[in-house]
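S.K.: Listed below are the residues making up each chain.
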Amino acid sequence: MAAVSMTVNGRGVRGEVEGRTMLVEFLREHLGLTGTHVGCDTTQCGACIVHVNGLAMKSCTMLALQCEGAAVTTIEALAPPGKPLHPMQAAFREHHALQCGYCTSGMVMIALDIARRFGEPDEATIREQLKGNICRCTGYHNIVKAIAAGARAMARQHA
Amino acid sequence: MSSTPPKFASGSISRPLPRLEDERFLRGGSRYVSDLIATSKALRVAVLRSPHAHARIAAVDASKARTWSGVIAVLTAVDLTNIGDLPCDWASPGMDVVPQQPVLARDRVRYVGEPIAAVAAETAHAAEDALAAITVTYQKLPGVADQEAALEDGAPRLHDAVPGNIAFRFPRAGGNVARAFAEAGVVIRRRLTNSRATAAPLEGRAVLSDFDSRADRLIHHTSSQLPHVHARSLGKCLGLPLHKLRLVVPDIGGGFGAKLGFYAEDVICALLSMRTGRPCAWKEGRGESFLATTHGRDQIQYVELAARRDGRIIGLKTRIIADLGAYAFGMGPGVPAINTGLSVTGLYRIPNVETEVIGVYTNRTPTGPYRGAGHPEATFLIERVVDDLARELARDPIELRRVNFVPASATPYLLPTGLTLDSGDYAAAMDTALALAGYAELRKQQVQLRRQGHYFGIGLAAFAENSGVGPSMAMDAVGFRRAGHESARVVVHPDARATVFCGTQSTGQGHTTGLAQIAAGVLGIAVEDIAVVEGDSHAIPFGTGTFNSRTTSIGGSAVYEAARKIMDKATKIAAHKLQRRPRDLVYENGLFRVIPHPGARSSITRLGMKLGERIVRIVVKRRSGFALHVPKRGVDSVTFADIAREAHLGHDLPLGMVPGLDEICFFDPKDMLVDYGVHVAVVEVDAETGHVALLRHVMLDDCGRIINPLLVEGQVHGGAAQGIGQALMEAVVHDSDGQPLVGSYNDYAMPHATDMPAFETARAEIPTNLNPLGVRGVGEGATIGATPAVVNAVLDALAPLGVTDIAIPMTPMRVWQAVERAQHDLSSRSTSPSGHDAFVEATRLVPESRS
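Line by line, the protein sequences give chains L and E. Numbers 38 to 196, taken from our numbering, label the letters of the first sequence in order. Numbers 158 to 1008, taken from our numbering, label the letters of the second sequence in order.
Bound conformation, chain E alone:
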């Protein structure tokens, strides 16, 4: 199953190396866009946003603001002639009309926070003050803030060209679903809500745009996960060619998908700089971030699962209604359509599947990818109902999973939805996680604790993520208007130090260290002797960017291949110097050596090479009178440093070889790969208060070959925290008209240190053969697995009380209400409430005071 192992010349791989970039951050030497702004002379930009979820704009009067003290320029929609709308670069297949958000609202606003006007002033305070002097006359329209309400007859229509607010319907089917359901011994039906959450990176978005009118060049600093893609988007909106537009991304304070969108403020700042001739800067306030940076998730999921009484799942039907928010924005539509729609079967062998994703416009902030991007929603769906099935059949959920997992022997396994699970041993992964958790012991403990009146629950989730976006040729078919490859350039300098340029973009993952480890491993030099450069559209040939856990598998493979090319050339130079064939040399830790006893063929080649060189020397001497360098005799090794110098000087290279050690690779994978894992969560629920205490969280990941275990752990911990956050506390909430009720960290509950346990982690390392490194993704897996594991644990804890469903986030209020409801039901019914026809009453994501 595994690929040929990658070839490394030093031990830099698989080492828990502390990060090279840390010291700078720890000394206060960060370079976020906002840091660059703080020390620049840029004009400060403030943005006027819609206070209404849906309204016509009758008039915008900015005349007073233009005369405000300190104000240099004001932009409204009428100032934006020939400026393109914000691109949507992942539309669902079959989506004919794509309503894009304008940079500044023209005649209508469709969500609270939509930009209407912008002011550039000498100070941030002056810019903010001037916003108050802009008068906008609105005619309020009825809004709709719920995707099911938006589908109803007579619901307010957001876009004239989109009847029924339906952006797309994306169906997939495989097998014979009708027969499966007819033959089923048991059917589980559920309506689930996957709540609206937001990435909320600690650093908000920020832009510093500087147009040099004399040179006719724009240098644009922005916090983007997709430097090259966003350079193209900006160029398209402004009509600027790419050789005159340099987009630079310095440090980023977290992204998690929120910085994949291309936003209005980029265009606003660039345009203001072009119009004023001064650098213009904007940084997002936290309140703005909640309004105007994409949210994630937000799906209503109707699920029907058909199984035989022996536990074998034979059919799955899903109808998923995804809220896209007010526009088709960035990657928004593709996330639910493709990532959720194609992944609903999880890691299970379900032969008969029918699924439909319906994308709907509502008067809320556009949605986009958020860590896991569609996979957490799919995993939540399937892992919830698999547990429900286990309860229905009174089977242990692990047994049921074991029966239904795609076996390792069946991989690569083509799912009925069209995706492929490339490799992996899911049952073995579950066994490892269960052993680490002490599952059998936990179940015994549970029996005892239940007797003592404790609500102790154990929850399991197995997840898969199709990661490592590519290959490029498949992207268009799924509506993805981007490449699927990644570029890397490796340059070895004359002093044998190296710089790696890569089209990926770190938002904190540690690419400076991880990519350097890969290059160091191939080049056989110290990790500290390698610099990694990302985020510069003029320094890096091209980039697809960082998302979908693709940096190490795709970008890392590009680095690996480029470094291999360097080594091929360096080995040829070394062979030339040692007068051997390249294959007669070994290279390790910076030294090329002739292998002992290279054989008769090597000796013959050597004689030939010597002869050839002698002829060259004689010819040169006769023609020019100068003597060429005579190679030393009896030497059987040469250092990488010697080769690096020689490659640049070019004094003594093999005939016909061009100088330099500078190689580029565009790595385009053959297919997407799957990273997977199993989580076990252990909770205790206080039935009196509804408080959930997460006692333990155990995670097993298979992310293939590991470059740096420290970085992998970090991704797993942080990913889990976000998944747990969605399960227990995080929710972006609007009222029924679309007014946001969450606007700060005060009311958007983010996990704190006291909410998290010390994580317990382990890893399987089954290399994939879809890339030369054998690595899978890891950045999002834990977010995908954590939510359903915690949710299943809470439902397991409360099963004795008859609780069968609690909408996420499972806040104390909701848990308490569910317990109350279940007890009321128990006391008012003479028969047991359980039964496979019980269709759980919807608990909608509305403000808790109203639910």
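For reference, chain L alone in the conformation it holds in the complex:
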């Protein structure tokens, strides 16, 4: 067991983990942040995407110990309880971009990363940028629409 400390959703946390403990396991089982999911164990599906120091990362293939001192943001931080949804979350709801919801937190977290990097991306860019994410329910149609709309709403917010 080794000690690890990091900032998760703006709060300093520490824990004792086995060396083989993945970041996602630390988030879910030690911190109870179960909004981030594991779909494939092999970095294909992206259900586990969180932001580490501002970058989208697959938390199922990152050791908790690698995140020593890092700032981690998960889906739970986007809209605090009682506050309205983040524009990207709202766009997912508006466009029916989720069905079973299992890939959703990863999709929203990558969507924010896409919006950060591309501003208002076109459809082809969004599809290309979703290569590391799998959704088995939606056929991606509405996810692509939602990300375009969410990115637009975010750009308007910043303007």
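These aren't lab readings, by the way, just hints derived from the structure by calculation. A hint or two may mislead.
One-sided excerpt, in silico: chain E residues whose CB lies under 7 angstroms from chain L [to be verified]:
1) T196
2) E360
3) G665
Cβ pair distances, simulated, as ranges [stated by the list, open to error]:
4) L:R189 with E:A906: 29 to 37 angstroms
5) L:Q194 with E:N903: 35 to 43 angstroms
6) L:E55 with E:H805: 54 to 62 angstroms
Here the structure is a predicted model, which is why all the values come from computation and not from measurement. The beta carbon of each residue, even a glycine, is placed where N, CA and C say it ideally should be.
Since the structure of chain L is provided, determine the placement of chain E on it from the hints.
M.R.: Here is chain E on its own, set in the frame of chain L:
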């Protein structure tokens, strides 16, 4: 053709309402079984699985694992006395021997991934580590991993009681097939393979089982599409009565049929909890999922189609060899026998039909229903050969379909296989799809592009699905050991909010919203004021569950009828309060009003009611000394909220009425209904690399009356993606001994966003009269239609090169090989290779490097 329209008191129906459940998921508030496990103190269970496709187990030694640090309990087959095998609840008719999978393998393993032992430990890591300390001594046996090889003389036999590995033969016939073929002007013969695929929901299966020994009660959380059925299965395996076993299904991260099976891990976790006195939890790794969760499809289909030269199809013969995998598991055998066997004629009027489905055991993971469950296989079969016929006769495939469709005027149409197409206008559906696609323009474009050396193809598929399982009385005849109805209970609370309990189970379809819309429509209250509860065997009276696109048509109808009962009672209370007859009231948006000028009979009734109440008041006052409530005069309306409160208080109800607003309905349909549609796929094939680009995918569905167009669209999009996946990339592949060559999303190609076009959709809305809502199914239709549409488009694109067949999935390798082969054939033959006797050489589903 249409039924009496359902009666709604608000505009909640047919609205594209965003889902009520979304916000919770979007905020990270999911409650999948694995989420419950993460925050529980449960012991973690790991399962030791067979690495061999076929072997005798000489010995299992778990003594070392039992002493492993952190290990609390270990189970092997010898620890399972009096534990039942896993039930098969859909055997084919005529299937005498039903070899069920044991919870843990006893003396023999029959597929890679079959459970042998289980460990419960303090942590997941400790449980996994301890598996390595269990020693199993195997005697390897020859395996067979192909259903045709399994039928050969001398093939390894999987079950001693099943000679030739034949689980069943299910023949159906109608008309005079011999004469049809004798009279045919043209006969198409094909051997098709419908590849093995898997549902691969993003959430694997998971179980959290908690036995309370003091209360002698088990609370069992599991990811199941059939909560009540699986409660019964679990109770049967464990010998637990149902009042002591509460099976709860929280959120499910996709099912698509894979969570219809009842699996070993449910029994393992429950048993470990009963033995250790602690909650026990297991969650499936992705690798385990590929081995130990049912696969789907996997049929070899021999097809002969007889037609006249004018294009009229007069006969169909099929012999379908279905791979059941190693056991008769869950719904496995019934899927090919009934769903494929009875649906081979598609939407066509084919008077003479002979079909046989042969179920075969092999050393592979058991198969079960996968989105569409037998219908995609049947549709693939018929839509492939109808296109082949069109090519043979040099006719446009749409013309040929138009000539052969069952006309709307002939519905309900009894197919020679025994199924009924209840209603629908298939030609009109095709015309709408073609108009949306711009078919005529596409054909012109194709001529031009072909001249420029582009391989541009247009593919069509018309599909039907017999959906909405029921009626119950017919289930036994088709070997289905389950009910065919659905239950719903609607409770209106004293504050006029409501809870809907339904025996269906959402795996992501949006039942929380759709069923609430139905109830809201009837009750005339806001959708947001309704909660939907599914997945609790103690909270819900009974449930048949979610599959066969039956939730809205059957479960939704149960909700509708239960809510109607509520309204009947509420209207009687309102009439009593307003001193009118119920028929003199109208109800809309939460308000009962007296209709203007209700007439002389109403006035007479009113006088009578007033008189009656006065007498009651006088009698009560004389006997008890208390004064009853005097109704207000001159009031001509009352709110639903007032009625809801009154119904619970019971202060002023009509004489003899019991209090409460709580009604149950078991809806059992008269027959199955048909949902249908037409897909048009447009592709461009790169003949140099074999890559297929799906440029457009156009879909027309008739799912009857629509409750929420947003949810319907979602089902259509997602369904299409899975159908396209099977056409172009997805395949579960084993080597000839049964060793799986696919075990992760790395090597099982699932569609990504770049593989999919933006979908183009439209809908016909012809209500069925088989349920009060007039709704048909929609959850599986697009999966059924998409595969053959894309396959036909690719073959259309490559027709100029002489390509007539490519096995699915049409991977770049296979497409490239087919192009190479066709060009080689063209250059080596002096005559044209086309001809109706050309029996296409089989391209088996084997690893591509070997084919």
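S.K.: Please go over all the hints and tell whether each is borne out by the structure.
M.R.: Evaluation of the provided hints:
1. T196: 5 angstroms, holds
2. E360: 5 angstroms, holds
3. G665: Holds, about 3 angstroms.
4. L:R189 with E:A906: 29 to 37 angstroms: 32 angstroms, holds
5. L:Q194 with E:N903: 35 to 43 angstroms: Since Q194 (chain L) and N903 (chain E) have Cβ atoms about 38 angstroms apart, the given range 35 to 43 angstroms holds.
6. L:E55 with E:H805: 54 to 62 angstroms: Holds, at about 55 angstroms.
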